[in-house]
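If you want the building blocks of each chain, they are given just below.
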Amino acid sequence: MYSKKRSDSRKKVASIVSVILLLLSWYAGSTRITDNQSGMVEQLLIKGDGLNQIDDRLYEGSIANNLSPVEYIGLGSGIGYGGMTEVAVTVSLLGDIQRIAVLSSKDTSSYLDKVIQSNLMEKLLGQNIKSSFDIDGVSGATVSTNALTEAIKRAADPVSMELFGINRVENEKSSSHFRWLDLMAIAMFMMAILVNKTRHQQKSMFNWAMLLTSMCVFGFYSSSLFSSSTMGILISGAWLSGLGNYTSIILLSMVILYIIATNKNVYCNTLCPFGATQECLAKLGNTKTISLTSGVFEWFPRGLLLVTLCLGLYYRNPASFSYEPFGIMFGMIGSMYLFVLTAITVVTSLVVKRPWCRTLCPMNPMTDFIRFNRQWIKSIFKKR
Amino acid sequence: MFPQSTLLDPLFWMVLGAIQVLVFTGASQWAKEYQLGMNWWKWAIVGFWWLSFILTIAGAFTLLGENEGNAGWYVLGFVGTLLVIGGAAILKVLVLLKPNPQ
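Protein chains in written order, with the working numbering: chain A, 1 to 384; chain B, 1001 to 1102.
The set of hints was computed from the structure by calculation and includes no laboratory data. Where hints are given, some of them may not hold.
Calculated pairs, SDA-like style, for lysine to any residue (alpha carbon to alpha carbon, straight line, at most 25 Å) [stated by the list, open to error]:
1) A/12 <-> A/234
2) A/353 <-> B/1094
3) A/283 <-> B/1084
4) B/1092 <-> A/285
5) B/1092 <-> A/263
6) A/4 <-> A/378
7) A/288 <-> B/1033
8) A/353 <-> B/1089
9) A/288 <-> B/1086
10) A/353 <-> B/1051
11) A/4 <-> A/300
12) A/114 <-> B/1072
13) A/114 <-> A/166
14) A/283 <-> B/1072
15) A/197 <-> B/1028
16) A/382 <-> B/1040
17) A/12 <-> A/311
18) B/1042 <-> A/294
19) B/1042 <-> A/376
20) A/11 <-> A/282
21) A/4 <-> A/304
22) A/114 <-> B/1074
23) B/1092 <-> A/4
24) A/288 <-> B/1030
25) B/1092 <-> A/204
26) A/353 <-> A/289
27) A/283 <-> B/1080
28) B/1092 <-> A/376
29) A/353 <-> B/1042
30) A/114 <-> B/1034
31) A/283 <-> B/1033
32) A/114 <-> B/1084
33) B/1092 <-> A/352
34) A/203 <-> A/263
35) B/1098 <-> A/286
36) B/1092 <-> A/205
37) A/353 <-> B/1017
38) A/353 <-> B/1072
39) A/4 <-> B/1085
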């Protein structure tokens, strides 16, 4: 009894400290020295040695003692995985693209690196802004590719208007970013609730069907399962300015709302693609369910998630801070460290049931946090 | 694996070769002990799997020795992991196809 009270007190303190740390990270991030945009843009000058701002998206480069501009620099943005990707384009007086630079991006660095290494931007150099520059997508980094492409087109737009009087880019409605995958996420979540509630004889078979479908659709097909970076995007509000892919945010939001409403988590056992992968591997091997009673396995993932979210809030780039092996597992994109973690998790899944879920998965700390606070708030209202 | 060392490099490959001997001599005994009822096509599958596995390890460590660190680790991690899973699947199939003890 006494140890439970002590444990509850510890959890209350941890819960309050977590919220304070997140708020402090948010505040500290806002006081950081923000990028000096005009300073960065000035470095994109080729012929000119001075920069004149015409409007918030257009600069002209000029030479001293010469009133006529020698080049133009346009700024544009596209909606990527974690938020806005901003790009600057240097254009000659004839309309030829001479230089492209990414000013800022909120996408995961591995995906952005993959797009840049595909020489997407190099292919555009020398092209005229009057032509329609269609760019091939980069497999496995579609959202980041689309964001960069859109940003480059929008950056060329004010220059095109200034030089040729042509307005190319139509304003895209944010609703066009919603796709069939988002509807699928909502439908599958509803089905997961039904499967968990049913007492049908074939409940186990239905559950397996859901897991396998989720693994194929949200895992291998679209890699749109949520992670700690999605949690960071949600709490930072970055999704308000638009996202290239809403599926993971929609899934996460539904999971959180359902836990708040019913105290139940239907995602892990019925929908999680990585959980499904581990279950499939467990069927292959002679797996044992091990119980990890040490407090380290309880508190370390909590601390890890808190640090990840704080860093994402501080740097205003949650998509860059994640530690899950999902990107490697379903898209073969990620750092060497995540690659090693994925290999270890996959091989261990042949021997131990769901090793990732039982150790580092951020879902457990998030669920524990919501459930604990829900219970705490309920008890406060009950006392009153 | 250790191109800069005249001692460790041959030792490494000798150890790998010695493991092969142990595996070849022990596999038949192991299959008999677990009554797997091995025949020619089962041995062919197991042999193909073992050959793939040993080539992956040899290839990965050769790349590491050639200062192609990333390539070596990726071969070991990606192909190696797939082969471990494949091995588990083959073992599962062999156990399922065990002849009934009479």
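Hint-by-hint comparison with the structure:
1. Taken as a hint, the residue 12 of chain A and residue 234 of chain A pair is honoured in the structure, with Cα atoms around 23 Å apart against an allowance of 25 Å.
2. A hinted pair counts as satisfied when its Cα atoms are at most 25 Å apart, and residue 353 of chain A with residue 1094 of chain B qualifies at roughly 22 Å.
3. Using a Cα cut-off of 25 Å, the hinted pair residue 283 of chain A and residue 1084 of chain B holds, with the two alpha carbons roughly 14 Å apart.
4. Distance hint between residue 1092 of chain B and residue 285 of chain A is fulfilled; the C-alpha atoms sit about 7 Å from each other, no more than 25 Å.
5. Taking the CA atoms of residue 1092 of chain B and residue 263 of chain A, the gap is about 38 Å. The hint is violated against a cut of 25 Å.
6. Simply put, residue 4 of chain A and residue 378 of chain A have alpha-carbon atoms about 18 Å apart, close enough for the 25 Å limit, and the pair holds.
7. Between residue 288 of chain A and residue 1033 of chain B, the direct Cα distance comes to roughly 23 Å. Compliance with the 25 Å bound is thereby established for this hinted pair.
8. For the suggested pair residue 353 of chain A and residue 1089 of chain B, the alpha carbons sit about 16 Å apart, so the restraint of at most 25 Å is met.
9. Only pairs whose Cα atoms come within 25 Å are accepted, and residue 288 of chain A paired with residue 1086 of chain B is accepted, the gap being roughly 19 Å.
10. Between residue 353 of chain A and residue 1051 of chain B, the direct Cα distance comes to roughly 29 Å. Violation of the 25 Å bound is thereby established for this hinted pair.
11. As the CA atoms of residue 4 of chain A and residue 300 of chain A are separated by approximately 20 Å, the hinted pair is consistent with the 25 Å bound.
12. With a C-alpha separation of about 20 Å, the suggested pairing of residue 114 of chain A with residue 1072 of chain B holds against the 25 Å cut-off.
13. Restraint check for residue 114 of chain A and residue 166 of chain A: not satisfied, since their Cα atoms lie roughly 32 Å apart, outside the 25 Å limit.
14. Restraint check for residue 283 of chain A and residue 1072 of chain B: not satisfied, since their Cα atoms lie roughly 30 Å apart, outside the 25 Å limit.
15. Restraint check: the Cα-Cα separation between residue 197 of chain A and residue 1028 of chain B comes to about 50 Å, which exceeds 25 Å; the hinted pair is violated.
16. As the CA atoms of residue 382 of chain A and residue 1040 of chain B are separated by approximately 72 Å, the hinted pair breaks the 25 Å bound.
17. Using a Cα cut-off of 25 Å, the hinted pair residue 12 of chain A and residue 311 of chain A holds, with the two alpha carbons roughly 23 Å apart.
18. With a CA separation close to 44 Å, the supplied pair residue 1042 of chain B and residue 294 of chain A exceeds the 25 Å bound.
19. Between the alpha carbons of residue 1042 of chain B and residue 376 of chain A the distance comes to roughly 60 Å, so the proposed pair goes past 25 Å and is violated.
20. At most 25 Å may separate the alpha-carbon atoms for a hinted pair to count; residue 11 of chain A and residue 282 of chain A exceed this at roughly 33 Å.
21. Taking the CA atoms of residue 4 of chain A and residue 304 of chain A, the gap is about 24 Å. The hint holds against a cut of 25 Å.
22. Restraint check for residue 114 of chain A and residue 1074 of chain B: satisfied, since their Cα atoms lie roughly 16 Å apart, inside the 25 Å limit.
23. Proximity of residue 1092 of chain B to residue 4 of chain A is assessed by CA-CA distance (about 44 Å); at most 25 Å being required, the pair is judged violated.
24. Between residue 288 of chain A and residue 1030 of chain B the alpha-carbon distance is near 23 Å, which keeps this suggested pair within the 25 Å criterion.
25. Straight-line distance between C-alpha atoms of residue 1092 of chain B and residue 204 of chain A comes to about 22 Å, which keeps the hinted pair within the 25 Å bound.
26. The suggested pairing of residue 353 of chain A with residue 289 of chain A holds, with an alpha-carbon distance near 5 Å, which does not exceed 25 Å.
27. Between residue 283 of chain A and residue 1080 of chain B the CA atoms are separated by roughly 20 Å; this keeps the pair inside 25 Å, and the hint holds.
28. Straight-line distance between C-alpha atoms of residue 1092 of chain B and residue 376 of chain A comes to about 48 Å, which puts the hinted pair past the 25 Å bound.
29. Taking the CA atoms of residue 353 of chain A and residue 1042 of chain B, the gap is near 28 Å; set against the 25 Å cutoff, the hint is violated.
30. A C-alpha spacing of about 48 Å is found between residue 114 of chain A and residue 1034 of chain B, which places the hinted pair above 25 Å, so the restraint is violated.
31. At most 25 Å may separate the alpha-carbon atoms for a hinted pair to count; residue 283 of chain A and residue 1033 of chain B meet this at roughly 24 Å.
32. Proximity of residue 114 of chain A to residue 1084 of chain B is assessed by CA-CA distance (about 28 Å); at most 25 Å being required, the pair is judged violated.
33. At roughly 16 Å between alpha-carbon atoms, residue 1092 of chain B and residue 352 of chain A fall within 25 Å of each other, so this suggested pair holds.
34. Among the hinted pairs, residue 203 of chain A with residue 263 of chain A is consistent with the structure: their alpha-carbon atoms are about 21 Å apart, no more than 25 Å.
35. As the CA atoms of residue 1098 of chain B and residue 286 of chain A are separated by approximately 16 Å, the hinted pair is consistent with the 25 Å bound.
36. Note on residue 1092 of chain B and residue 205 of chain A: the hinted pairing holds, with a Cα-Cα distance of about 21 Å set against a maximum of 25 Å.
37. Distance check on the hinted pair: residue 353 of chain A and residue 1017 of chain B sit about 34 Å apart at the alpha-carbon level, beyond 25 Å; violated.
38. Among the hinted pairs, residue 353 of chain A with residue 1072 of chain B is inconsistent with the structure: their alpha-carbon atoms are about 29 Å apart, more than 25 Å.
39. Straight-line distance between C-alpha atoms of residue 4 of chain A and residue 1085 of chain B comes to about 42 Å, which puts the hinted pair past the 25 Å bound.
When each numbered hint is compared with the structure, violations occur for hints 5, 10, 13, 14, 15, 16, 18, 19, 20, 23, 28, 29, 30, 32, 37, 38, 39.
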